[in-house]
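Here is how the chains run, residue by residue.
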Amino acid sequence: MSAPLRLPGSIAITLVLSALSLFGCGGGQTQGAAFDNTKRDDGTAMTALQKQLASVSIPRAADVAVGVFGERSLVGVPLEGGKPWTFEHPIACRPVVAGGVVVGVGTDEMFGLDARTGKQLWARKAGGCIRGVADDGRVTVVSARPVNGRGGIVIAIDREGQVVRQIEDGSNIGAPGMIDGFVFLPWDGRYVSAYDLAAGDEIARVQLPGATRAFAAGGALFFGERSATRFDEHVAQAGATTVTLPARELPDHPAWMDSGNDALPPGALVSDRSRLYARPLATGAAGIVGDRYAATSGRVAMGFDAKTGVLAWVHTHDASFLGGAAYEGGFALCDAEGRVTYLDAKTGAVAGSAVLGIPIDACVVQADAFTKTAADAPRPLRDAIAGALRLPHPDAEPIQRFLLAELTALPDEAATETLIRLVDESAAPVGLAADVRSALGARRSGASFMLTTLAQRYDYLEGALHVPPVGPLADALAAMGEKRAAPLLAVHLLDPVTPVSDVERAASALEVLAGPAELPALQQFFAAYRETPDLPLAMAVAHVARALERLGSGDLVASAMRDPYTSDLVRSKLGAPAAGTKGPAK
Amino acid sequence: MKRTKRATTGGRRITWRRRATIVALGLAGLLSAASISAQTKGSGATPEKGAAPASKAAPKSSASPTKAPAKKIDLALVSAQLSAPATLALGLADAESAGSKAKTLAPRIEELLAKGLTTDLTLAALSALGAIGAPTSSAVIAPYVQHRNADVRKAAALALAQTGGPDAANALRKGLRSSDATLRSLSAIGLGRAGDEQSVPDLSRAIDRGILEAAPSIGAIGSATQCDELLARLDKLPIDKQQATLEAMLHRKPALGTDLLLRAIAKVQAATGELTRAYFSSLERNYWGTARVKKALDAAAHAPKSAAPKDSAAPPQDATKTPPPAPKSPAKGKGGTP
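In the order they appear, the protein sequences are chains A and D. In terms of this note's numbering, the first sequence opens at residue 1 and continues consecutively. In terms of this note's numbering, the second sequence opens at residue 1 and continues consecutively.
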């Protein structure tokens with residue numbers, strides 16, 4: 001296939017204007033076999049087009065956050081700061097920002113605003129909802145979902161609001177991209193067609209399974225949804241420059257990008273609160289800028305290593321995140337209170353903010369040339385996670401569970417101290433408290449912190465009215481074989497202020513850890529509670545009995561099985577016959 | 001016949017409760033249930049489930065326990081009872097009734113307690129050892145102050161107050177630190193009874209923490225200096241605690257110095273006012289110490305109405321709970337200390 005004729009922009013516009021006069025309805029007709037999935041293409045045309053456009057610079061888009069509030073109000077603010085603008089118009093679907101324009105639709109009218117100022121650029125009659133927008137500064141290309149929900153409509157509108165090209169097709173046409181008069185249209189989640197806007201003809205296509213949207217970032221064009229494939233010399237090859245984010249099992253399964261085939265409602269969805277943000281590299285090998293991607297889950301934002309998926313930082317916010325964008329060096333995240341917070345990609349530290357000035361229902365952020373980083377030293381990850389675990393909101397529990405698992409997996413000994421503090425201060429929400437205790441019990445490092453905590457005792461006279469988390473500490477220290485814990489556990493075993501469930505776990509640990517020095521305490525416990533009819537205590541007695549046997553005091557246990565003062569429950573736990581029945585005592 | 005009757009009409013728990021009542025009565029002078037209740041409220045602690053309800057009626061005054069009279073005992077028979085599970089409860093009850101006369105049975109009961117018994121039998125054994133009152137029993141009783149059952153803890157503290165000795169003192173000092181408000185009060189009282197002077201710093205701290213039963217105990221066992229320090233803050237205590245402290249100071253042996261006692265009398269008289277003449281009269285009748293102290297008590301007993309000096313003590317801390325009775329007639333004479 002030969003390379004198509006490249007028309008200078010001015011000539012293209014002339015042709016478009018001619019087409020407008022021809023068709024009167026304000027749009028040119030499509031030509032050729034666009035969106036024909038039987039058409040064969042070996043990628044040669046797309047490679048040639050890429051070569052042709054390689055030297056064309058894609059203008060940087062406006063850095064702006066736009067919020068939706070109520071049923072007919074938009075508010076926007078430049079990320080660099082400045083006075084927010086507002087615009088009143090019925091809003092039927094989520095507006096879309098592309099290049100320098102904001103496109104919205106409502107009550108059968110589509111409108112374009114200057115993204116930086118909110119000034120209306122054009123308006124025209126249109127229905128449906130917007131899937132995506134591309135803008136090169138002269139023409140805005142809108143991909144819309146038809147009112148009947150099937151197929152796709154693409155409309156190219158100039159700054160005067162005139163439709164210079166209109167395409168209607170039965171294929172699902174996704175979010176478009178645009179370079180210098182060529183529109184890139186993903187369709188049916190499988191192909192990306194390059195469309196010459198002036199000629200009204202498809203001039204190349206490439207097969208990219210899963211691609212539903214095209215987007216520009218950092219001066220490059222990408223196609224994708226779950227991954228991003230750069231429009232470069234490899235785009236039509238098997239080894240295309242494609243980057244994906246490492247899979248992490250995050251609550252609500254956040255996506256990097258919405259499907260370009262969907263049009264979003266005006267208000268935020270769950271998928272807006274839980275989302276991934278990353279910026280693919282515009283040059284060089286496939287990758288993510290700064291090797292960082294961010295994820296939000298309600299009030300929590302997290303930074304991950306883009307290669308390994310390892311959690312790098314956590315930021316806890318006072319409002320739910322609704323939208324955002326990745327920029328060079330950070331993430332601009334917009335919250336329900338109408339603030340845009342800039343987080344340093346490397347550390348998660350707050351680098352600055354902008355204010356929309358009003359609580360919002362949804363938010364769209366575009367950051368292209370914008371950059372802002374923080375010089376603050378990174379907060380220790382364990383402390384940052386602890387901050388998120390203290391959030392009292394029930395809807396935060398899923399992400400808190402994820403973060404708790406991350407905290408538990410940290411090899412850092414100090415993470416144990418963090419967990420101890422969370423348990424000690426009952427800082428985690430009620431629904432998470434048991435998980436935090438379990439996490440502490442699952443730790444296998446930080447013995448010194450555990451022993452220090454275990455040495456604390458209830459002492460009314462000294463005003464020490466706190467009981468340490470004996471059970472989880474006993475579990476962990478026993479698993480670690482930490483024999484220094486034995487005397488401390490023996491003290492808690494005998495202390496009536498220790499919850500009975502913790503007594504059982506202390507006894508279980510002592511079965512493994514106790515030495516001769518603990519014999520008096522074990523004997524005392526066994527004597528005091530061998531008559532118990534209560535299950536947890538009986539379990540504890542059985543553990544202690546086995547410790548006594550291991551330490552050479554089996555006679556004491558055997559003797560206790562021969563008299564009637566040992567409960568049948570304890571006997572059963574020790575495999576001994578019930579009192580009054582014949583059988584060998586263990 | 002007697003044993004048969006008990007077995008058929010009582011049962012272990014009823015038998016224990018009856019005996020516990022005897023022990024409690026025996027320690028009536030030590031245990032002001034009302035005081036315990038007040039302390040519990042004042043300290044903000046929540047009484048544990050199972051703790052005995054506190055009576056509102058405070059005993060008049062007494063620094064010495066009034067033990068039930070010991071009965072004659074067939075030691076050989078009781079010893080045999082203690083050796084058989086079926087008769088153990090009876091044996092423990094008899095040993096308790098015999099009191100110190102069953103001293104030779106203490107080692108056997110200690111052995112049983114050390115090996116562990118059912119809850120009812122544990123309570124009975126603790127009561128028996130308490131009644132026998134052998135200091136050697138304290139080591140075996142001591143661990144039960146930390147038992148998870150509140151009744152057992154209480155019985156152990158009561159028993160230790162009777163057995164005394166260093167082991168008792170150590171265990172009761174631990175009791176002061178317990179989360180169980182009743183046990184803290186019993187421990188404070190028991191330490192005074194056990195006569196362990198080394199406990200005074202802990203008892204003093206206990207007063208700061210609202211365990212007001214510690215004040216009479218300091219009065220009973222503290223040095224002159226420690227008692228003097230206690231006097232300095234006596235007016236911060238409720239009147240019943242002030243009176244109990246004065247009584248403990250008056251009846252202790254060896255006796256405190258006369259000047260200290262005179263100041264204590266003056267303090268309490270100032271706090272209680274003219275309507276406690278009968279109280280001082282009772283103290284005077286039962287006091288056999290120095291003539292000066294007896295005379296001071298007599299003077300307090302016959303002090304003119306409105307005898308409280310103008311610079312008398314501040315109102316008791318819990319005056320709202322136990323308000324001093326209002327004077328029946330206007331003051332007639334000038335108040336003063338004896």
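Hints in this document: simulated from the structure, not taken from any laboratory. Idealized CB from N, CA, C, for every residue including glycine. Any given hint might turn out to be false.
What the hints assert, rightly or not - Quick partial rundown of chain A residues pointing at chain D, CB under 7 Å, derived from the structure: (1) Phe-69; (2) Ser-73; (3) Trp-256; (4) Met-257; (5) Arg-390; (6) Pro-394; (7) Asp-459; (8) Leu-494; (9) Pro-496; (10) Ala-527; (11) Ala-528; (12) Glu-531; (13) Tyr-565; (14) Leu-569.
Unchecked claim - Straight line, CA to CA, 30 Å or less: simulated DSBU-like cross-link-like pairs of lysine-lysine: (15) A/Lys-346 x A/Lys-83; (16) A/Lys-483 x D/Lys-253; (17) A/Lys-573 x D/Lys-115; (18) D/Lys-72 x D/Lys-101; (19) D/Lys-236 x D/Lys-267; (20) D/Lys-294 x D/Lys-174; (21) D/Lys-253 x D/Lys-294; (22) A/Lys-346 x A/Lys-307; (23) D/Lys-267 x A/Lys-483.
Kindly indicate which numbered hints from before are broken by the structure, ordering the numbers from low to high.
Checked against the structure, the hints that fail are numbers 1, 2, 3, 4, 5, 6, 14, 16, 20 and 23, while the rest are satisfied.
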